[in-house]
Amino acid sequence: MSESMLPTVPVRNEARLSGWFGMWTLIATEASLFVYLLFSYYYLKLQTDQPWPPEGPPRLLLSSVNTFLLLTSSLFVYFGERKLKQDRKKAAVALIAIAIAFGTAFVLIQLKEWSRKSFSISTHLYGSLYFTITGFHLLHVVLGMGMLAVVSAWTAMGYCTKSEHGPVSAAALYWHFVDAVWIFIFGTFFIVPYL
Amino acid sequence: MAEAQAAQIGSIVPGSPEEKRLHEIWEAEPGWRGWLSTTDHKSIGLRYLFTAFFFLIAGGIEALIIRLQLARPNLSLVTPEQYAQLFTMHGLTMIFLYALPILSGFSNYLWPLVLGSRDMAFPRLNAFSYWIFIFAGAFLYASFPLGQAPNDGWFNYVPFSGPVYNVGPNIDVYALGMVLLGLSTTAGAVNFVVTFLRLRAPGMSIPRVPIMTWGTLAASFGNLFAVPAVSLAFFLLWLDRNFGTHFFDIAHDGKALLWQHLFWIFGHPWVYVIVLPAMGIVSMGLPTFCRRPLVGYMPVALSTVATMLLGFEVWVHHMFATGLPSLSLSFFGAASMIISIPSAVATFAWIATIWLGRPVFKVPFLFFAGFIILFVIGGVSGVMTAAVPLDLQLNDTYFVVAHLHYVLLGINVFPVVGGIYYWFPKFSGRMNSEKLGRLAFWIMFIGFNLGFFPMHIAGLLGMPRRIYTYPPNMGWDTVNMVTTAGSFLFALGVLVFVIDVFYSIYKGAKAPINPWDAPSLEWTTPSPPPPYNFAVIPFVGSRYPLWEGRLAEAEGRSRLDEGYLLMNGRETLGTTAMHAEPDAILKMPADSYFPLVASIFISALFVALLLHALIMAITTVALGLLSLVGWLWPRPVLRMEAAA
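Protein sequences, first through last, are from chains A and B. Heads up: the first sequence begins at 2 in the numbering used here, then just goes up one per residue. Heads up: the second sequence begins at 1129 in the numbering used here, then just goes up one per residue.
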């Protein structure tokens, strides 16, 4: 790069915002948290003599519906982000709002699922693991919904635009992460007991 | 609004109106307002250094009381319970509240200066990580005056730390305090990683990065993946203690070894987290006093990264005596031996640098050279304990205590003190006293070896670690007396160092811009640097910008007086991750109270959890989240400035 060739630089580069990098590092550390949670689960499960799960394999209907809801909500977020990039603000806000609604349904169904259990967090080892791990995930879903709510509000208020979609993209990334984590948790608690 | 603001190239003369304007843009508000709201990485870095050093002194005083108790057989200066709390607080203070935070202090202060930037990638997050650190420190110490401090050693093994055997608030304080501190560590790690990827001066491609940044970068990546393990372990323990879960509850098929796994999956990477940045300090400072570049920059950088990666595969060597299958022991024993190879690469690079250079025996050089000796001793005793059969003999004896103190003081404290001497002119604008500095070094070096070397012998004689006292006929009397004498001598050396620092801050000679004739960018800024660091963002053409023309291997030419003029509000330059090509002007945030406010609410949440105060917990969560939203609220002011 010689003296005369120093290029001019734009004020923002939406593809490489610091916040975008920051969100990836947050996801890296949060993903490790779930890896350690599942490590603890399998470590304890493999060494126990208790019947596992103590009530037999869990019923699949509600949790499958829930999985479907959560994964679909990711699609809505994906298209919402895309609409914003196409400068269609209202469509973007609407799509993200649908995703939040799906997320809310997931939370309610999960609480319902919890209330159906005959054991609590302190009944036995499985109960401790089940409520702690799904609880951690539920907390992340709520946090992700909060993020989506804030960025969709910012979009409606005109802060997030076609050229400045960074916050929406970051929140969307986090939401996809939360959904991806659920696949592993769903697999662990609902699929593996049937294998 | 994608304004393509053409960044102008130019230069700014000291004392010009442009320089004044930069000053106004970047300066913190005067008085307490600025003090509470500043996001200047230099202020935050110095606060980290001061606070961490304060914890070093607190932990040191605890150690001295321990040493008095052990000076003679059958003493009862403190009660056994007080003794348990003392060694626990000593350990957790040194490991968690001193060793990493002090290095974060260096990195926070120095990174933007050595990378040619005006601040860290997330200045407010930086302030946040400091506030959380100091609140977590206060939290961990809160129960100490009540005689209810953590009392199960810093690695806090179950079942003794569980609800059955430890009924007071002691362990709950430790558990919640560690989760809180983990937030600070993680926030810091995020900041370093993104700063490295994004904020290097144009032209500072990967092979030209100052060597010290590799250590902090590797440590920060390590933290992102390791800290969740310990936060989770402590959180699960807190659930066991407060809500009747069974993770570590052996009676209900929980496993005590799960604690050890989670703790050491974090704990061993952590060892490298608190030594790699310190080794980086040496790799940065030592060559300056050898009047030549570091020998083997590339091997040292690569071995830094390799050490961190291998550091994730050796945790079981803390658990050799727990009855794991011998296949597992062989694997982790071998990995623990292999990890000595990258460490040896760095050691030979330092020795070669001294050998091939023309050493100038200034105070920082003494500390760096002394560090190499201690590092070799600590490294060799580490390889010894990596051998499974020998470890089974040495496990839980004073030999291990000797090893870890050689490693932690040798590789952390000596580089840290050397680093403070090295960058003291930049930190304070003054030169330190060579006389006092030399005195401090020799007292510390002799005191350290006198204090800690005999611990190897005590261990070989079978003295277990953490015992409260011992009978007179064990043959341990002399080694313990010598150790106690050495520890007080070492403390005296630290005192001389502290006196030197305070004396020199007020009475030292004014420091020139580059007193050591060093090669890196921080030495192009005035001592101390102005709030904006660099009047223009420099262009970096080689690994040693200030030694170009003197080195045969000079690759290119840096331009330091002329560069991007960025003065439409707080701005710095974003560059690409590999080649550091100019990519975007980054609008940096203004000072803000939000980091402090958010930290207060988050810390209050942990108090609420400790007290089981449900309403307080809900309130603090709500207020904490609100303050995060306020913190991240889009800033139209900046965009208007940009459009203008």
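Think of the hints as simulated: they come from the structure by calculation, not from any bench. A virtual CB, placed ideally from N, CA and C, is assigned to each residue, including glycine. Check before you lean on any hint, since a few could be wrong.
Unchecked claim - Beyond 12 Å from chain A on every Cβ pair, some chain B residues (computed):
1. 1320
2. 1337
3. 1640
Claimed, not checked - Part of the chain B face toward chain A, derived, beta carbon under 7 Å:
4. 1135
5. 1144
6. 1148
7. 1352
8. 1372
9. 1386
10. 1479
11. 1757
12. 1758
Violations among the numbered hints: Violated: hints 1, 5, 6, 10, 12.
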